[in-house]
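**Student:** For reference, the chains in residue letters:
Protein chains: 2
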Amino acid sequence: MIRIALDAMGSDDAPRVEVEGAVQALRELPPGFRIQLVGRTADIAAALKAQGDVDRARLDVVEAPEVVGMGEKPLAAVKGKPRSSIAVGLGLQKQGESDAFISAGNTGAVMAAATLMLRLHEGVQRAAVGPLFPTAVHPVLVIDGGANVDCDARELVGFAHLGSVYVRDVLDRPQPGVGLLNVGEEDEKGNAVVKEAHQLLKQTPGIKYVGNVEGRDILAGQCKHGRIDVVVCDGFVGNAVLKFYESAGRMFMGMMKQAFPDVLGRPEAKQLFKFLDYSEYGGAPLLGVKGVVIICHGASPARAIKNAVRVAVHMVETHVDQDIGAELAEGGAAR
Amino acid sequence: MIRIALDAMGSDDAPRVEVEGAVQALRELPPGFRIQLVGRTADIAAALKAQGDVDRARLDVVEAPEVVGMGEKPLAAVKGKPRSSIAVGLGLQKQGESDAFISAGNTGAVMAAATLMLRLHEGVQRAAVGPLFPTAVHPVLVIDGGANVDCDARELVGFAHLGSVYVRDVLDRPQPGVGLLNVGEEDEKGNAVVKEAHQLLKQTPGIKYVGNVEGRDILAGQCKHGRIDVVVCDGFVGNAVLKFYESAGRMFMGMMKQAFPDVLGRPEAKQLFKFLDYSEYGGAPLLGVKGVVIICHGASPARAIKNAVRVAVHMVETHVDQDIGAELAEGGAAR
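As they're listed, the protein sequences go chains A and B.
According to this note's numbering, the first sequence is numbered sequentially starting from 1.
According to this note's numbering, the second sequence is numbered sequentially starting from 1.
Read the hints as simulated data drawn from the structure, not as lab findings.
Be careful, since some hints might not be right.
You can't tell identical chains apart in this list, so a pair holds if it fits in one copy or across any two.
To be verified - Straight-line Cα separation of at most 30 Å, DSSO-like style, residue types lysine-lysine; simulated pairs:
| hint | residue 1 | residue 2 |
| --- | --- | --- |
| 1 | Lys49 | Lys79 |
| 2 | Lys224 | Lys208 |
| 3 | Lys94 | Lys73 |
| 4 | Lys73 | Lys257 |
| 5 | Lys79 | Lys189 |
| 6 | Lys189 | Lys49 |
| 7 | Lys79 | Lys270 |
| 8 | Lys208 | Lys79 |
| 9 | Lys73 | Lys224 |
| 10 | Lys274 | Lys257 |
| 11 | Lys224 | Lys189 |
| 12 | Lys202 | Lys270 |
| 13 | Lys79 | Lys94 |
| 14 | Lys257 | Lys202 |
| 15 | Lys202 | Lys224 |
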């Protein structure tokens, strides 16, 4: 039995989107899975009613009277609202009553609450978000995608470990290549933190480090020194590039629709639009905490929530959490 | 008479590309313009010969026996090679014998040499590169695009001034809106430098500051607080996003070609491909130095060089250099 807790109050259009996403997910999941909707019971009940015929046998509703807003300061929100949907949802996992938590709410609050309540694996300095970037070759994990706006070199090395285990387990790539995002490939490029991280990564056992990579190498999925599966960067630049990419996809889609209205009905167009639509990718894992946590876009549609459930299930099934614990505890440069 | 000096030895395919770009530019420019090709005379002569029939009346060749490589450390290269094409080309401008300098060579070396030889305008702490990002609405200037990998808050405010004057003069937009690239729009978002810059920019006279903007707002050309013409960031994140954008354009173009081979001959396709092709935009200005300097992509084709000449001419004609001097000397937060 795998149980997925879903913050029903997180997204811009909560709880409608979360409830609809949960219902869609249950239709696709085989028996043996439960979804736990966490939030204001009355609001969730109303949203469920609007969904019509719902299989309630595998759906739990868990009361959490408080809601953390998008603009709230993370730590203050976590401490001041112990009965928020974020705290209650993570609490289920802490108490062994759930296997994963998904939220489209305040990223900083989810990260702070997960770090405080689930704790970090031994050897992990900070948790990080790892969104997958779709490319024309293979998806590339960028870590950190926005959880940590200031990072030191050892934290960046830690992200390399976290990303490598995720890609190995969840994407089933045995030897993921790791690049360090920089302004050029040469040793002397970058700011002080990145220069130090570059030297540390070269000596880190267990990481297949391909070297400094540039912004253009992410979507190429390779640089001249090898294949890239994981790109390490601080959360400031990772967040900027991630959001930029989403908007570039939307812009190109809009331009294409305007330029070639006659091709939009073709299957190739549908495939391309699906590629460009971030909601297909269903949120990004928060890696490093003891547990399974997925953070979704605040503007997620129901499809994104449904896909996040799929990713969460996959993370639980592939034991990425336990494998991160084992890898980081073994040592390496992250300590 | 406007004289444009062109580093003939900078690009990955120098001097062929530079010579071809110069010849193309001269064909389009009205009388009264000269191009000064700076580099190894023998190599330039050979490349000119390969071009066939060339109007030499408005083309000078200026000998510079040394070449700065892409991998060389900027300051060491500038001090160790006083007769490089970069140093000689900038020297012409310093001596009043040229009005602008264009190079597709080592960005760090061009910036270091320009700062040392032309000096910075009073009130400018650091020069910055300002690439224009094409969008579906209006081009947006991102500054810094890669010259400074570490910036403090006052330097970011300086970039806001530089970018504002450029957009006002060269793009003819009287009141450019300035956004600060951040991970969220709220006051408390970002790292320490960006938080401080946000507070400083709010109080800076002469800047139409619209607030924190996110990666997705760049291509939208607006955020909820207004129109965005200039996006301020440090050169690390600016460079990452710039190079990422170029590669995203190439990727989308490739996917479109594969999905819809039958539409590629249409005028709409040509227009879209032109939009996605960075070489149409012809390099980025290095702003803050006393003079006109344009930095091109190392992989520039001849068309990009030709377009850089056009941008340089426009910068000279609109007196952006003098206007930056006047604006920054007047004071504002840059001091």
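**Student:** It remains to establish, for every hint, whether it holds in the given structure.
**Tutor:** Results of checking the hints against the structure:
For the homomeric pair lysine 49 and lysine 79, neither the shortest alpha-carbon distance inside one copy (33 Å) nor that between copies (74 Å) is at most 30 Å. Proximity of lysine 224 and lysine 208 under a CA criterion of 30 Å is satisfied intra-copy only: 14 Å inside one chain copy versus 43 Å between copies. Taking the shortest alpha-carbon separations for lysine 94 and lysine 73, only the intra-copy value of 23 Å comes in at or below 30 Å, while the best inter-copy value is 52 Å. For a Cα distance limit of 30 Å, the shortest separation of lysine 73 from lysine 257 qualifies neither inside one copy, at 40 Å, nor across copies, at 46 Å.
For a Cα distance limit of 30 Å, the shortest separation of lysine 79 from lysine 189 across copies, 19 Å, qualifies, whereas the shortest one inside one copy, 41 Å, does not. For the identical chains of this complex, lysine 189 and lysine 49 are neighbours neither inside a copy (57 Å) nor across copies (38 Å), given an alpha-carbon limit of 30 Å. For the homomeric pair lysine 79 and lysine 270, neither the shortest alpha-carbon distance inside one copy (45 Å) nor that between copies (56 Å) is at most 30 Å. For a Cα distance limit of 30 Å, the shortest separation of lysine 208 from lysine 79 qualifies neither inside one copy, at 39 Å, nor across copies, at 38 Å.
Taking the shortest Cα distances, lysine 73 and lysine 224 sit within 30 Å of each other only across copies (21 Å), while inside one copy they are farther apart (42 Å). Both within a single protomer and between protomers do lysine 274 and lysine 257 lie at most 30 Å apart by alpha-carbon distance, with minima of 14 Å and 17 Å respectively. Taking CA atoms no more than 30 Å apart as the test, lysine 224 paired with lysine 189 passes inside one copy only; the shortest distance there is 16 Å, against 36 Å between copies. In this assembly of identical chains, the alpha carbons of lysine 202 and lysine 270 never lie at most 30 Å apart, being 42 Å within a copy and 44 Å across copies at closest.
When the C-alpha separation of lysine 79 and lysine 94 is checked against a cutoff of 30 Å, the pair qualifies only within one copy, where the shortest distance is 17 Å, while the shortest distance between copies is 61 Å. Neither within a single protomer nor between protomers do lysine 257 and lysine 202 lie at most 30 Å apart by alpha-carbon distance, with minima of 45 Å and 39 Å respectively. Taking the shortest Cα distances, lysine 202 and lysine 224 sit within 30 Å of each other inside one copy (16 Å), while across copies they are farther apart (43 Å).
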